[in-house]
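Asks: Read off the chains here:
Protein chains: 2
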Amino acid sequence: MVDVQVRTNKKVVQKCYLSGPAKESDFEVVVSDTVQLALPTGSTAVIVKNLYISIDPWNFSMKKDDSTLPLSVITGYGVAKVVVSGHKDFEEGDLVLGITGWEEYSLISDPNSLIKINYPDLPLSYYTGILGMPGMTAYIGFYEICAPKKGEFVFVSAASGAVGQLVGQFAKLTGCYVVGSASSDEKVNILKEKFGFDDAFNYKKEQDLNAALKRCFPEGIDIYFENVGGAMLDAVLLNMRLSGRIAACGMISQYNLEKHEGVHNLLNIVTRKLRMEGFFVSDHFSKYRKFEEMVVPHIKSGEITYVEDIAEGLESAPTAFVGLFKGKNVGKQLVVIARE
Amino acid sequence: MVDVQVRTNKKVVQKCYLSGPAKESDFEVVVSDTVQLALPTGSTAVIVKNLYISIDPWNFSMKKDDSTLPLSVITGYGVAKVVVSGHKDFEEGDLVLGITGWEEYSLISDPNSLIKINYPDLPLSYYTGILGMPGMTAYIGFYEICAPKKGEFVFVSAASGAVGQLVGQFAKLTGCYVVGSASSDEKVNILKEKFGFDDAFNYKKEQDLNAALKRCFPEGIDIYFENVGGAMLDAVLLNMRLSGRIAACGMISQYNLEKHEGVHNLLNIVTRKLRMEGFFVSDHFSKYRKFEEMVVPHIKSGEITYVEDIAEGLESAPTAFVGLFKGKNVGKQLVVIARE
Chain P
792 MVDVQVRTNK KVVQKCYLSG PAKESDFEVV VSDTVQLALP TGSTAVIVKN
842 LYISIDPWNF SMKKDDSTLP LSVITGYGVA KVVVSGHKDF EEGDLVLGIT
892 GWEEYSLISD PNSLIKINYP DLPLSYYTGI LGMPGMTAYI GFYEICAPKK
942 GEFVFVSAAS GAVGQLVGQF AKLTGCYVVG SASSDEKVNI LKEKFGFDDA
992 FNYKKEQDLN AALKRCFPEG IDIYFENVGG AMLDAVLLNM RLSGRIAACG
1042 MISQYNLEKH EGVHNLLNIV TRKLRMEGFF VSDHFSKYRK FEEMVVPHIK
1092 SGEITYVEDI AEGLESAPTA FVGLFKGKNV GKQLVVIARE
Chain L
792 MVDVQVRTNK KVVQKCYLSG PAKESDFEVV VSDTVQLALP TGSTAVIVKN
842 LYISIDPWNF SMKKDDSTLP LSVITGYGVA KVVVSGHKDF EEGDLVLGIT
892 GWEEYSLISD PNSLIKINYP DLPLSYYTGI LGMPGMTAYI GFYEICAPKK
942 GEFVFVSAAS GAVGQLVGQF AKLTGCYVVG SASSDEKVNI LKEKFGFDDA
992 FNYKKEQDLN AALKRCFPEG IDIYFENVGG AMLDAVLLNM RLSGRIAACG
1042 MISQYNLEKH EGVHNLLNIV TRKLRMEGFF VSDHFSKYRK FEEMVVPHIK
1092 SGEITYVEDI AEGLESAPTA FVGLFKGKNV GKQLVVIARE
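Protein chains in written order, with the numbering used here: chain P, 792 to 1131; chain L, 792 to 1131.
Check before you lean on any hint, since a few could be wrong.
Since the list can't tell identical chains apart, any single copy or any two copies may satisfy a pair.
Unchecked claim - DSS-like, lysine-lysine: derived pairs with alpha carbons at most 25 Å apart: (1) 940 to 1064; (2) 1050 to 1005; (3) 940 to 1005; (4) 1078 to 1064.
No wet-lab data here; the hints were simulated from the structure.
Make the full structure from the sequences, and use the hints.
Replies: Shown next as structure tokens:
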């Protein structure tokens, strides 16, 4: 055991169980005791240095009924560099994507869950977004769950977010008409100018979501990519066409409510023979390489673009997380811990 | 034109547009002027004598926003006998199933929509139920929409109704565990004693539908065959297992409400990756013969049974229809106009 490096390990922990909307004071940034960058003999784990972490709303699982203990490090997707490997498939210096911690160094007990990064020439941060789980989520949700056809009418809520911006661009590639909703005029502009949405609206400025959708979709909606839930879903149900499909990706408007909003228009699922379907992107990891081969050429050609909202430093992670629920981020929210 | 028969034609018409729950006074039984049982030369229509009419809740389309004029005869599925045919595929005396009117005689302009009855040795009334659209609805909804597997947990609401009783029996044939809900103790007994449901409950006697479902399904529900909507759907969503499927066949609790009840637990569609899907049985007519060949042997062997609630005479149709929404019928509600 020559040359064992010893480091401190800064991390973000959860101070208490969440109740109601997450607040920055629910988190704490702590510096642990020193950690050794070494593995016991025979271990098949790897130790990684975290570079970028993805800030995702599904951290809503951190609620009272969750079995995760407070003061444990928060976990989530990230991009990292292998610094010590006990696993045959990984060696020092490899760049990987996978579930890691909101901390400087992480021990990955099961490296089989890691995906090696094939295109380090692209921005590495893309592997938290367009080339990471949000990208796969858009790909599976749109292509597999919604089975889009050319000429169909597509609506995306939270359309400038990590997933929504890609769904819109996939819809355009497919020859669909696509409209997005977002929470600010700035985002609405980005949807139309940067991502090529045919139309977009700021839902905060609409008195009547049903009227907004009727204005944007006089012929109705074939596909709704659902990221928000609640009142928007209720309005969408009034505007779906026969045989419409709803990919239930997320319902960010509902995560922090003690009692979820009532949705009144579900009878349309019967009368318009709609399909509404949830999915776990983790069930589809085996399709990652296929997805990557589809999307990378479009990134390189500039046909698909991606907007990121990059916060600097682990210390900024709590604010970035809390901001997600207020619609503060413009594009994919991530945190850079180290650039290499 | 020798021997043209002339008849009066009793019919049930709608007196006004419905607002709120249907009342018997919204309907009127009238006797029309005489009709000739004859077709113009060259016509490809048929004239049928109606025998049995199916009373179905989807007559909820008779609302204000419907373009159907009041005082027109009510239409719906029925069993009839051809009395005059201008169509090459039909001849006098043929027994058929299809969309007809709530009247003694009907002119069918497009006889291609009629299905010839293959098994006149079975009770003809079955062609309004187990061998008619309710049967097809149960078959398509359960087998195609829900894709059941042996050992799965199935819940059926309005389980003693025209469709529900069959879904339960199909579930047993598939090797599933099946529980039904109904609106009276009498119906609950029928579910368990006659249709072989593993368990059943009277929802009107339950304080807490979520608790009732947890009691019946300690391991959760894989398949929900949805006939009622509203509070029952909300409770079911709390009890669905991962990858569960909901066939959205009907939501009878909601049809007559001015404002539909709110459903609060849709986030489970995301977090448990559920699929909820509506369907039109009319899209699946091409599978009718396949369905018939599957179900007839089970009827003949007694493995599948069917309970009907038969009202006598056209005059009883309004009461039968209104009763559907109050859960008055025990089994498939139909009206006999003539026995042959």
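Asks: Against each hint, give a clear statement of whether it holds in the structure.
Replies: Outcome of the hint check:
1. 940 to 1064: Answer is both; intra-copy 17 Å and inter-copy 23 Å each pass.
2. 1050 to 1005: Between copies only: 20 Å across chains, 29 Å inside a chain, cut-off 25 Å.
3. 940 to 1005: within (21 Å within a copy, 41 Å between copies)
4. 1078 to 1064: So residue 1078 and residue 1064 pass the 25 Å test across copies only (18 Å; inside, 29 Å).
Of the hints listed earlier, there is not a single one the structure fails to meet.
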